[in-house]
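*Asks:* Letter by letter, the chains look like this.
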Amino acid sequence: MRRSRRRCVVVISALSLAFYAAVPKVAYAESFNAKTTIIVAKVFGFLAHKPAPDSKVIIFPGAADLAVAKANMATLNVVEGTVADATTAFAVVVNTQEEARAVRSANPQSLIISGDLPCVDDGDCHVVIQSKPNVKIFINLAAIKASGIEFEANFKMLITAR
Amino acid sequence: MTGMMLAPVAANAQLVKYGDLEEMFGEPVTTSATGKPQKVSEAPANMEIITSDDIRRSGADNIPDVLQYLTGVNFRRSGFNNAELSIRGYDQPWNPRLLVLINGQPVYEDFFGDVVWPAIPVQLEEIRQIEVVKGPNAALFGFNAASGVINIVTFDPLSDSVNSLTARYGTQSSRSGSVVATLNSKDESGLRLSAGGMSANEFPQRNIPHNTVTSYYKPEAETFNFDGRAHLSDTVILSANGNTGYMNRNLPPDIQYETDKTWSLRTQLTADTDYGLTNVDVYGTKWRFNFPVLQQANSVTQDVRLSDAFNLGKTHTIRLSAEYKYNEASGQFFNGSTDFYHIYSGGLMWDWAISPTLSFTNAVRQDFLALGMKGSLLAATGLHPNDYNNRTIDATNFNSGLVYQVTTNDTARLLLSRGYQLPSLNILGMQIPQTNGGVFSGDPHIHATEVTNYEVDFDHSISKLDAALRAAIFHQTNRNLFGFLIAVPNSNSNNLVSSNIGSSDETGLELSLKSSREKGLRWSLGYSYATIADNIGTSGVKILAEPFSVFKNGTPHHTINGGLGYGWEKVTMDLRGGWRSSSQDWQFSSTDFLYHSMRTKAYSTVDLHVGYAVMDFVTLGLTVDQLTQSYTYERRSGDPLERRVFGSVTFQY
Numbered sequence: 001m002r003r004s005r006r007r008c009v010v011v012i013s014a015l016s017l018a019f020y021a022a023v024p025k026v027a028y029a030e031s032f033n034a035k036t037t038i039i040v041a042k043v044f045g046f047l048a049h050k051p052a053p054d055s056k057v058i059i060f061p062g063a064a065d066l067a068v069a070k071a072n073m074a075t076l077n078v079v080e081g082t083v084a085d086a087t088t089a090f091a092v093v094v095n096t097q098e099e100a101r102a103v104r105s106a107n108p109q110s111l112i113i114s115g116d117l118p119c120v121d122d123g124d125c126h127v128v129i130q131s132k133p134n135v136k137i138f139i140n141l142a143a144i145k146a147s148g149i150e151f152e153a154n155f156k157m158l159i160t161a162r
Numbered sequence: 001m002t003g004m005m006l007a008p009v010a011a012n013a014q015l016v017k018y019g020d021l022e023e024m025f026g027e028p029v030t031t032s033a034t035g036k037p038q039k040v041s042e043a044p045a046n047m048e049i050i051t052s053d054d055i056r057r058s059g060a061d062n063i064p065d066v067l068q069y070l071t072g073v074n075f076r077r078s079g080f081n082n083a084e085l086s087i088r089g090y091d092q093p094w095n096p097r098l099l100v101l102i103n104g105q106p107v108y109e110d111f112f113g114d115v116v117w118p119a120i121p122v123q124l125e126e127i128r129q130i131e132v133v134k135g136p137n138a139a140l141f142g143f144n145a146a147s148g149v150i151n152i153v154t155f156d157p158l159s160d161s162v163n164s165l166t167a168r169y170g171t172q173s174s175r176s177g178s179v180v181a182t183l184n185s186k187d188e189s190g191l192r193l194s195a196g197g198m199s200a201n202e203f204p205q206r207n208i209p210h211n212t213v214t215s216y217y218k219p220e221a222e223t224f225n226f227d228g229r230a231h232l233s234d235t236v237i238l239s240a241n242g243n244t245g246y247m248n249r250n251l252p253p254d255i256q257y258e259t260d261k262t263w264s265l266r267t268q269l270t271a272d273t274d275y276g277l278t279n280v281d282v283y284g285t286k287w288r289f290n291f292p293v294l295q296q297a298n299s300v301t302q303d304v305r306l307s308d309a310f311n312l313g314k315t316h317t318i319r320l321s322a323e324y325k326y327n328e329a330s331g332q333f334f335n336g337s338t339d340f341y342h343i344y345s346g347g348l349m350w351d352w353a354i355s356p357t358l359s360f361t362n363a364v365r366q367d368f369l370a371l372g373m374k375g376s377l378l379a380a381t382g383l384h385p386n387d388y389n390n391r392t393i394d395a396t397n398f399n400s401g402l403v404y405q406v407t408t409n410d411t412a413r414l415l416l417s418r419g420y421q422l423p424s425l426n427i428l429g430m431q432i433p434q435t436n437g438g439v440f441s442g443d444p445h446i447h448a449t450e451v452t453n454y455e456v457d458f459d460h461s462i463s464k465l466d467a468a469l470r471a472a473i474f475h476q477t478n479r480n481l482f483g484f485l486i487a488v489p490n491s492n493s494n495n496l497v498s499s500n501i502g503s504s505d506e507t508g509l510e511l512s513l514k515s516s517r518e519k520g521l522r523w524s525l526g527y528s529y530a531t532i533a534d535n536i537g538t539s540g541v542k543i544l545a546e547p548f549s550v551f552k553n554g555t556p557h558h559t560i561n562g563g564l565g566y567g568w569e570k571v572t573m574d575l576r577g578g579w580r581s582s583s584q585d586w587q588f589s590s591t592d593f594l595y596h597s598m599r600t601k602a603y604s605t606v607d608l609h610v611g612y613a614v615m616d617f618v619t620l621g622l623t624v625d626q627l628t629q630s631y632t633y634e635r636r637s638g639d640p641l642e643r644r645v646f647g648s649v650t651f652q653y
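Taken in order, these protein sequences are the chains called A and B.
Numbering follows the working numbering, in which position 123 of the first sequence is assigned residue number 123; successive positions increment by one, without gaps.
Numbering follows the working numbering, in which position 55 of the second sequence is assigned residue number 55; successive positions increment by one, without gaps.
Okay, chain A solo, but in the shape it has when bound:
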């Protein structure tokens, strides 16, 4: 019996080392399609302080599916726009880190979302969503704190903090 247990521990240890040695996957950036746009809408539902009705959400051209966004954020004022429009926005969906940086300068309080992982790593985006092959949501803790944004505790335990 002890021999079989020892054998088991050896096998598990060997497999453990093999898993450690395997190469991790590479991150990538993505534009939001209809499915990801719905996830953006869901993320708003996990904010500790819900946006007031008609709060402005700016979507940079091509950053997300505008029609889907409007349909899934019915109580919000979803419009297509750029940095100039973001100064009064509660949330902004951008394509690139450069756009995020510009929005952050224009409106440090707005929630900035994109599909570009370096954007959240560098603190220019608050939230990054990646959907392939599995949905992963990343947040930058420092950026969120600086902008006074809070998420519900359960949600924070399901996402990856950077």
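Rather than coming from a laboratory, the hints here were simulated on the basis of the structure.
Heads up, some of the hints might be wrong.
[What the hints assert, rightly or not] So these bits of chain B aren't anywhere near chain A, every CB distance computed over 12 Å:
1. Ser189
2. Pro204
3. Leu238
4. Asn362
5. Ser493
6. Leu513
[Stated by the list, open to error] Result set (SDA-like, lysine to any residue): computed pairs, CA atoms no more than 20 Å apart in a straight line:
7. Lys464(B) x Glu27(B)
8. Lys39(B) x Thr160(A)
9. Lys286(B) x Gln105(B)
10. Lys514(B) x Pro133(A)
11. Lys136(A) x Thr357(B)
12. Lys314(B) x Ile149(A)
13. Lys39(B) x Arg162(A)
14. Lys186(B) x Leu76(A)
15. Lys42(A) x Asp234(B)
16. Lys50(A) x Ser233(B)
17. Lys314(B) x Pro118(A)
18. Lys136(A) x Val40(B)
19. Lys35(A) x Glu518(B)
20. Lys39(B) x Ile159(A)
21. Lys35(A) x Thr408(B)
22. Lys42(A) x Ile159(A)
23. Lys145(A) x Gly313(B)
24. Lys39(B) x Val135(A)
25. Lys35(A) x Lys464(B)
26. Lys314(B) x Gly148(A)
27. Lys286(B) x Arg305(B)
28. Lys314(B) x Ser147(A)
29. Lys136(A) x Thr315(B)
30. Lys39(B) x Asn134(A)
31. Lys42(A) x Lys39(B)
32. Lys314(B) x Ala161(A)
33. Lys132(A) x Lys39(B)
34. Lys132(A) x Asn409(B)
35. Lys514(B) x His460(B)
36. Lys132(A) x His460(B)
37. Lys601(B) x Leu627(B)
38. Lys132(A) x Ala468(B)
39. Lys136(A) x Asn409(B)
Please read all numbers here as calculations on a predicted model, not as lab measurements.
Even for Gly, the Cβ is constructed at its ideal location relative to N, Cα and C.
Following the hints, complete the assembly by docking chain B onto the known chain A.
*Replies:* Only chain B this time, still in chain A's reference frame:
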């Protein structure tokens, strides 16, 4: 702790929003692995999730039938209302090794160590998902989560509006119905009410050895449940839940019948504070148990649980927990005495996200049990009250898991866990005098069974097929196994006592492949292999060869399960089936009060369900259990199971 940051988690307390999270992440979310919400693919446990769609498409009218074809789950039915589930073998009548919960509250019959499925106060239509954890998970749930855990998660009355009315009628004069109604107001407060009932004629007796039943009770069950939830403030939620249940079942296989009545009340307070997600959970249950051969008993359980979960820095989640539990049992089972225990527990869970692809979770829980009794002991037991009042049991449970996302489609898990199966009060303290001067007796000196599990899991996602492949290899050791009324003491051969009986080890393999779609073709295939080696024997007693002591042949070596279904616009059709190799089963004789061995041949079963959505809110169903045979002596140790055919109509409003 220097340098680490306690992440502020303030405002708007929420219980887990299962629906929103599942829609967001594209997979079910669970709290059954560590106590914190996790995607199933990232949970450090071998877990199967049965969704509400799976339940509907199964066509089953009870939970054991829903779960019977899961890989790694063993199923035995010995009466219309009497089914047992076990995880990874060690199947036995009144299986004590499986802890079943509804939304985290045990519905395990503590004093007897059993799950009485028909008395579980939940309707299939109000279940969001059933989470099946394979292997010990006692570091989260404590004693009795020894072979696994089944957590039944219901819809949230705050955010889910479930309103349905279902009626079923079929062979064996079976009729059942359920109603679920929800009232809620914009996430502020909600109340869900549910009720259900069933009755049927028992499967008929046939001429099988040792069957001495003279009368059967009509299998029946009735349950009622309410589940209310309200925001007391933006950061605090109050939940209240209560239920009552009643059931009759004929026992495995011929000890006449059992009638149970149950009552339960539960209150939970969840707050999102600066110190984390804090939960206070208080419940009490009462059982009245009537069992003609062994007579009547009452049991009371009271439980208080505290927990706090919080993020520590960017990569650590901590969950602290404490629990106090009291269980007492009295009645003729205990010859008028009252036996009881207090359990004090403390636990810590630490989840460390080492990298985006690697996480390491460790949980430990210490249980301390103090046993006691009030009243007198029969002289024939040879025991003194101090044997009870000085008895304590300590148990250190742990779960450890390394989860590694090897590639975007592959996940590997290394799991190590240990849990303890507590001897129930009837094992520790039963005393029923016999006409020969002897006694049916418990023994307060019995040790808790230690179950240790070593496991490697591998999951592979096949996106082209929209399917998932899962594989698991495990080795499980069981020390200090015990059995109910299993031994004759050398000191008094008229007595029949419960006793520790030895040890047993199991090694197994599980493979499954599943593609699940609402429309189009869906299919599943599963295989499990298990081999068990017993080492039974202890001094001072002669152990009887019974299902509680001989496990090596009681679990089939090979089990194959499969499913094939198709969904059209308005019609769904699903076949589920399985084959298991031969195994040993047992029949109890009320003539000599002994179990007698019987061989169960290899057998297969196929079940069919067809659903037709007549309108958006009306669905008709037809279910056939045992499509290919009119009756079978297999998958049971009692009367043959007849084919069941029943129709259903469900209104959703």
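*Asks:* All the hints need checking, so say for each whether the structure fits it.
*Replies:* Structure-based check of all given hints:
1. The Cβ of Ser189(B) sits about 17 Å from the closest Cβ of chain A, beyond the 12 Å cut-off, so the non-interface label holds.
2. With a least CB separation of 45 Å from chain A, Pro204(B) remains clear of the 12 Å interface cut-off, as annotated.
3. Leu238(B), annotated as away from the interface, keeps every beta carbon of chain A farther than 12 Å; the closest lies near 17 Å.
4. Interface exclusion of Asn362(B) from chain A stands, the closest Cβ pair being 14 Å apart, more than 12 Å.
5. Residue placement check: Ser493(B) keeps its beta carbon more than 12 Å from all beta carbons of chain A (closest about 32 Å).
6. Here Leu513(B) stays apart from chain A, with its beta-carbon at least about 18 Å from theirs, past the 12 Å limit.
7. Using a Cα cut-off of 20 Å, the hinted pair Lys464(B) and Glu27(B) holds, with the two alpha carbons roughly 17 Å apart.
8. Of the supplied pair hints, the one linking Lys39(B) and Thr160(A) holds, its CA atoms being roughly 12 Å apart against a limit of 20 Å.
9. A distance of roughly 14 Å separates the Cα atoms of Lys286(B) and Gln105(B); the hinted pair therefore holds under the 20 Å criterion.
10. Restraint check: the Cα-Cα separation between Lys514(B) and Pro133(A) comes to about 18 Å, which is no more than 20 Å; the hinted pair holds.
11. With a CA separation close to 11 Å, the supplied pair Lys136(A) and Thr357(B) stays within the 20 Å bound.
12. Pair hint Lys314(B) plus Ile149(A) holds up; C-alpha atoms about 16 Å apart against a cutoff of 20 Å.
13. For the given pair, Lys39(B) sits about 19 Å from Arg162(A) by alpha-carbon distance, which is consistent with the 20 Å threshold.
14. The straight-line distance between the Cα atoms of Lys186(B) and Leu76(A) is roughly 17 Å, inside the 20 Å bound, and the hint therefore holds.
15. Taking the CA atoms of Lys42(A) and Asp234(B), the gap is about 19 Å. The hint holds against a cut of 20 Å.
16. With a C-alpha separation of about 14 Å, the suggested pairing of Lys50(A) with Ser233(B) holds against the 20 Å cut-off.
17. Between Lys314(B) and Pro118(A) the alpha-carbon distance is near 17 Å, which keeps this suggested pair within the 20 Å criterion.
18. Restraint check: the Cα-Cα separation between Lys136(A) and Val40(B) comes to about 13 Å, which is no more than 20 Å; the hinted pair holds.
19. At roughly 18 Å between alpha-carbon atoms, Lys35(A) and Glu518(B) fall within 20 Å of each other, so this suggested pair holds.
20. A threshold of 20 Å between alpha carbons decides the hint, and for Lys39(B) with Ile159(A) the separation of about 10 Å falls inside it, so the pair holds.
21. Simply put, Lys35(A) and Thr408(B) have alpha-carbon atoms about 19 Å apart, close enough for the 20 Å limit, and the pair holds.
22. Of the supplied pair hints, the one linking Lys42(A) and Ile159(A) holds, its CA atoms being roughly 13 Å apart against a limit of 20 Å.
23. For the hint pairing Lys145(A) with Gly313(B), the CA-to-CA distance comes to about 13 Å; that is within 20 Å, so the pair holds.
24. A threshold of 20 Å between alpha carbons decides the hint, and for Lys39(B) with Val135(A) the separation of about 10 Å falls inside it, so the pair holds.
25. Distance check on the hinted pair: Lys35(A) and Lys464(B) sit about 19 Å apart at the alpha-carbon level, within 20 Å; holds.
26. Straight-line distance between C-alpha atoms of Lys314(B) and Gly148(A) comes to about 17 Å, which keeps the hinted pair within the 20 Å bound.
27. Taken as a hint, the Lys286(B) and Arg305(B) pair is honoured in the structure, with Cα atoms around 18 Å apart against an allowance of 20 Å.
28. Distance restraint check for Lys314(B) and Ser147(A): the Cα-Cα separation of roughly 17 Å lies within the 20 Å cut-off, and the hinted pair is therefore satisfied.
29. Of the pairs offered as hints, the one joining Lys136(A) and Thr315(B) holds, with about 15 Å between alpha carbons and a cut-off of 20 Å not exceeded.
30. Simply put, Lys39(B) and Asn134(A) have alpha-carbon atoms about 11 Å apart, close enough for the 20 Å limit, and the pair holds.
31. Taking the CA atoms of Lys42(A) and Lys39(B), the gap is about 16 Å. The hint holds against a cut of 20 Å.
32. For the hint linking Lys314(B) to Ala161(A), the alpha-carbon distance of about 5 Å falls within 20 Å, and the restraint holds.
33. Note on Lys132(A) and Lys39(B): the hinted pairing holds, with a Cα-Cα distance of about 15 Å set against a maximum of 20 Å.
34. This hinted pair checks out: Lys132(A) and Asn409(B) have alpha carbons roughly 10 Å apart, not beyond 20 Å.
35. Simply put, Lys514(B) and His460(B) have alpha-carbon atoms about 11 Å apart, close enough for the 20 Å limit, and the pair holds.
36. Only pairs whose Cα atoms come within 20 Å are accepted, and Lys132(A) paired with His460(B) is accepted, the gap being roughly 15 Å.
37. Proposed proximity of Lys601(B) and Leu627(B) is supported: the alpha carbons are some 19 Å apart, at most 20 Å.
38. The hinted pair formed by Lys132(A) and Ala468(B) meets the criterion: a straight-line CA distance of about 16 Å does not exceed 20 Å.
39. In summary, the hint linking Lys136(A) to Asn409(B) is supported, as the alpha carbons are separated by about 14 Å, within the 20 Å threshold.
In summary, this structure violates none of the numbered hints.
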